[in-house]
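> Listed below, chain by chain, are the residues.
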Amino acid sequence: MSRSLRGFAVSAGAFVALLGVGAAFAFGVASPFWLDLVFWVVFWAALAQAWNIVGGYVGQLSLGHTAFFGIGAYTSTLADLHWDLTPWLGSLLGAALAAAVGLVVAVVCLRLRGPFFALATLALAELLLITAIQWRDLTEGAEGLTLPFSPGLGNLMFETKTGFCLYALGLFALVSAVAIAIEHTRIGLLLHAIRNDEDGARSVGVRVLRWKVAAAAVSAGLTALCGTLYAQYLQVIEPSTVFNWEISVQLALLAIIGGRGTWTGAIVGSLFLTPLAIGLRAWLGSSHAGLHLVVYGPVLILSVLFIPEGIMPWVATRWHTARARRQAVTGAHA
Amino acid sequence: MSGSALLAAVGLCKRFGGVQAVNDVSIEVREGEILSLVGPNGAGKTTLFNLITGFIRPDAGRVMFRGRDVTGTSPEKLCRMGLVRTFQASRVFGDMRVDDNVKVGAMVHGGSAAAIDATAQAALDLFGTRMHQYLDRAAAKLSFANRRRVEIGRALATRPVLLAMDEPTAGMNPAETQEIMGLVRRLRDDGLSVLIIEHDMTLVMGISDRVVVLDHGEHLAEGPPEAVRANPAVIEAYLGRPLDAPQHH
Chain A
251 MSRSLRGFAV
261 SAGAFVALLG
271 VGAAFAFGVA
281 SPFWLDLVFW
291 VVFWAALAQA
301 WNIVGGYVGQ
311 LSLGHTAFFG
321 IGAYTSTLAD
331 LHWDLTPWLG
341 SLLGAALAAA
351 VGLVVAVVCL
361 RLRGPFFALA
371 TLALAELLLI
381 TAIQWRDLTE
391 GAEGLTLPFS
401 PGLGNLMFET
411 KTGFCLYALG
421 LFALVSAVAI
431 AIEHTRIGLL
441 LHAIRNDEDG
451 ARSVGVRVLR
461 WKVAAAAVSA
471 GLTALCGTLY
481 AQYLQVIEPS
491 TVFNWEISVQ
501 LALLAIIGGR
511 GTWTGAIVGS
521 LFLTPLAIGL
531 RAWLGSSHAG
541 LHLVVYGPVL
551 ILSVLFIPEG
561 IMPWVATRWH
571 TARARRQAVT
581 GAHA
Chain B
221 MSGSALLAAV
231 GLCKRFGGVQ
241 AVNDVSIEVR
251 EGEILSLVGP
261 NGAGKTTLFN
271 LITGFIRPDA
281 GRVMFRGRDV
291 TGTSPEKLCR
301 MGLVRTFQAS
311 RVFGDMRVDD
321 NVKVGAMVHG
331 GSAAAIDATA
341 QAALDLFGTR
351 MHQYLDRAAA
361 KLSFANRRRV
371 EIGRALATRP
381 VLLAMDEPTA
391 GMNPAETQEI
401 MGLVRRLRDD
411 GLSVLIIEHD
421 MTLVMGISDR
431 VVVLDHGEHL
441 AEGPPEAVRA
451 NPAVIEAYLG
461 RPLDAPQHH
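From first to last, the protein sequence lines are chains A and B.
Numbering-wise (the numbering used here), the first sequence opens with residue 251 and increments by one.
Numbering-wise (the numbering used here), the second sequence opens with residue 221 and increments by one.
Everything labelled a hint here was simulated from the structure, so no lab data went into it.
Even glycine gets a Cβ: it sits at the ideal position worked out from N, Cα and C.
Hints should not be assumed to be uniformly reliable.
Unchecked claim - Pair by pair, the computed Cβ-Cβ distance ranges are:
id	chain 1	residue 1	chain 2	residue 2	range
1	B	A360	A	V486	41 to 51 Å
2	B	R286	A	G547	24 to 34 Å
3	A	G364	B	I455	39 to 49 Å
4	B	R350	A	P558	42 to 52 Å
What the hints assert, rightly or not - Which stretches of chain B does chain A cover? Using the computed rule of at least three CB atoms under 8 Å from a CB of chain A, they are:
id	region
5	303-312
6	322-328
7	370-383
Using the sequences and the accompanying hints, generate a full structural model.
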C-alpha cells in the first residue's frame, strides 16, 4: 500500500474510532454535568478544527473567528424566528453568509503579508458586535434573542443533552472530514507549501491567493455552523456572548496548543483544555471569582513555552524518532 | 545553436526610494541558450531577475515571454507558461519531505497521482541516486547543497522551457559547483533555455553561450564570454580603475 493510502487508512480508522467513543459517551453518560462537558469538548473541537483550516493549514492567523460564529448564530436564529425556517437550512444560510464575508475579508487582506488578516478579522468581530447591539429592530439589541424550546429533529433541538451531544458530534465529524480530506489529498501538500514559503510556492505555480481565500471562506462557513449549534443548545444568544473576542482567542489557542495544521491537533487541544477550563471554573469560579483564570493562564503559557509546535506534532516527532532508532537497531543486528 | 528570442526584457526600470536599482535595461534570452547575467554585488541583478520573473512590477519597460507581453504577470502564471525560477537563499518547503517538495512542483500541470510521482522522481533523478536516501527527510534537515538540489528539482518538475537561477552555486564547494554547472549544460543540451545570475564571472565563463554585464543598475556589456571578459569597461567595473590611469568624465 502506498504511503498516502496508508496514512489515509490510519486517519480514517482513528476518526471512526473517535466518533464511536464520542457516541458511547453521549449514550453512556447519565449525569447532565458530564454530558454538558462532553458537549463542550466536542463543540470546541469542532470550532478549533474549523479555525485550523485557515489558521493551521495555510497558516493565516485569524483573531476574529467569533465574527463568523456570531453570523451563524444570528442568521439561523433570526431565520427561525422571522421565517420559521428550520435550522437545518438556517445554518446553511448562515454558513453561506459567513463564507461570503470571509471571502471578502480574505480577498482584501490576504494579498498583503503580515498581520493584516488577523487585524481585519479582529476589527470585523468588533464591528459586528456593535452592529448586533445597535440594530435593535433586527436583533433586539443587547438583550439578545430567545429561541422557543420545541424539541424535534427538524428543529435541531433535543429533549436530552444526549441529542445535543450527537448533533455536536455530527458537526464535528463534518468539519474533521474536511480537514482529513485536505490533509490526505494534494490540496494538503499545496496548503502546506503555502504555509512554509509563499514565494517558493508561487515560483512553482501554486495559486497562493486563491487557496488562501478558499481556505478562509470554508473555515468561516464551518465556524458559522458551530454558531448555530451554540444557539440551538443554549436557546439564547446575545451580542456579547456570540461576538465575543474570548471565543476567537480560545479557538486559536486550542488549535495552536493541540498542533496547527493537523486534524488531531484541534481534538487534543479541546480534550486537554476544555475540561480544564470548565473544571477550574466549577471548582474555583464560585468561591473565588476569577481565580480559575489565574490557574488557566499559566497552563497556556507553559504549554506554548515548552511545546511551541503543539502537542500532536511534538508527539509525532518523538514517535518517528523512536521508530527510526528501533529500525536502526534491528537493521544493525540483521 | 541558439534560436529566436524566448524572453525579451525591454527598457526595464525600477526605483526603490532614492535608489535606481535597474535603469533602462534590455536583455534577451534566446531559445536553447545559457545566458548569464553577471555584475558586482549591488549591480541590480536580483532586482532585474525579480522583474523578469514577476515578483516585482517594473516602473517602466516591458517583458515578453514566448511572444506574449507578460509585464506584471504573477510568478504562478509565468510558471504555468513555462518560466520557473530558483532563489539565491534556498526556499525549500522546510518541514515537508523532500519528495513532497518536488511533487508540489510536479502538480502545476495537474495529472494523475502516478504521473505526478513519476515527474517528481525524474526531476530528482537528475542528481543521480544521491537524493534517494533523503526522500522521506524534512527538507530543512538537509545540507545546504542538498536543499539547493531539492529546489532545482522542484523547479524542473514544473517542466519549464526557461529556467531562471539566482546564484545557483552560492555557498557550494568547487565539486558541487561543477556538478550544478554540468547539470545546467546537460539541460541546455536537452533543449532547455537557462538564465543564470552570478556575481563571480569566472564561474559562468565555461558554460555560458552569452553573457550580459550589469553595473550600477545599467547594461554595461554583452556578448560571448571571452569578449566580455576582455572588455575594459567590465574589468573596470569588477576591479576598479588603476590608480595611475587618467580620470575620464
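> Hint by hint, note whether the structure agrees.
Hint check results:
{"no.": "1", "hint": "B:A360 <-> A:V486: 41 to 51 Å", "in the structure": "holds (49 Å)"}
{"no.": "2", "hint": "B:R286 <-> A:G547: 24 to 34 Å", "in the structure": "violated (59 Å)"}
{"no.": "3", "hint": "A:G364 <-> B:I455: 39 to 49 Å", "in the structure": "holds (44 Å)"}
{"no.": "4", "hint": "B:R350 <-> A:P558: 42 to 52 Å", "in the structure": "violated (33 Å)"}
{"no.": "5", "hint": "303-312", "in the structure": "holds (count 6)"}
{"no.": "6", "hint": "322-328", "in the structure": "holds (count 5)"}
{"no.": "7", "hint": "370-383", "in the structure": "holds (count 5)"}
Going through the hint list in order, the structure does not satisfy hints 2, 4.
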